[in-house]
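J.: When you get a sec, could you build the whole thing from the sequences and use the hints?
Protein chains in written order, with the numbering used here: chain A, 1 to 126; chain B, 127 to 266.
Careful, some of the hints might be misleading.
[Unchecked claim] Covered, in the sense of this in silico footprint (three residues per stretch, anywhere, with C-beta under 8 Å from a C-beta of chain A), are these stretches of chain B:
hint	segment
1	200 to 210
2	229 to 242
[Unchecked claim] Sample of chain B residues at the chain A side, in silico, Cβ under 7 Å:
hint	residue
3	I194
4	G197
5	G215
6	V245
7	A246
8	A250
These are computed hints drawn from the structure, not numbers from a lab. Every residue, glycine too, gets a C-beta built ideally from N, C-alpha and C.
This is what each chain is made of:
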Amino acid sequence: MNPVARVILIALYAILGLAATGRATVQILEKFSDAPVAYSLSAVAALLYAAIAVALWRGWRKVAIVGTGIELIGVLSVGALGYLESSWWPDETVWTGYGSAYGWVPVLLPVTALFFLLRYRKAGVH
Amino acid sequence: MEYYAATVYPVVLAASAVLALAGVASLVVVRAHRVLTWVVTGIYVVVGAHLVAVVAGLLSGPDVDLVITAGYLLASLGLLPLLGIARLGAPEAKRADVDPDRPVLQPDQIARVDGAVAVAVAIALAVVSWRLTEVFGAAS
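T.: Here it is, written out as C-alpha cells:
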C-alpha cells in the first residue's frame, strides 16, 4: 500500500475514532435509554474506526479490508434506513445521513481506504 | 462564559486557519514543512491555553454539561499527537522497529503527509471549538 496514503488514512481514522468515541460516550452515559440501537451503533462505529487505524498501522491488510468493508456496509445501510424507516432512529448515529454530520467523511473514507487496500492486493506488491 | 465566544473561539479559529494554510503549503511546497513545524508548536500552545481558559471558565461556575465539555477538551488534546504523525514513518524510526510492515516515508512524503494531516486536524480543532461555543451558549 502506498505509504503516504496509509499514514494519512491512519490519521483520518484516528480523528474519526476520536469523534465517534466522544459522541458514543456522551450518548451512552447521558441518554442511552432514548435510542439504544442508535447509540450502540455509534459505539460500534467508534470501535471499528480504532480497529481499522490499528490494522492499517500494523499492516494487517485483511483486518483492514474486512473492517472498512463492514464500515462501508454499515454507513450505507444506516444512511439508507434513516431515510426509508426514520421511525427506527429516534436520534442520530455517526452514520446517519451517510455521515453528513461529519462532512460525509464516514462514507468517503472506507471507499478511499478500500481503493488503496484492494489496489495494493491486486498489484501483488509485498 | 461569554469570553469564550468573544475571545477564545476566534483565537482557536484563527490558529486552525493558520494550521490549515501551513498544511496546504506543505502539501504544495516541500520546503514549507519547516514552517508547518513552527505552526504545530504554536498549536500546542494555543490548545494548552484553550484548555486552561475552558477549565478556568468551568471553575467560575456556569451550568454547563461537564461530560460534553470534558469530551471536547480531551478530543482537542487527542488531536495533538497526530500533528507530525509522519515522523513515525521516518527512516530512523524504521531502524528502531523490527516491524517489517512499518511504512517508510521519504522527506517529500513526510512533508505531504504532515500537510494533509494538519489540514484535517485544523478542521477538527475548529469544529471542537465551535461545538464548545454552542455548549457554553446553551448554558448561558
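J.: So, against the hints stated earlier in the document, which numbers end up violated here?
T.: 6
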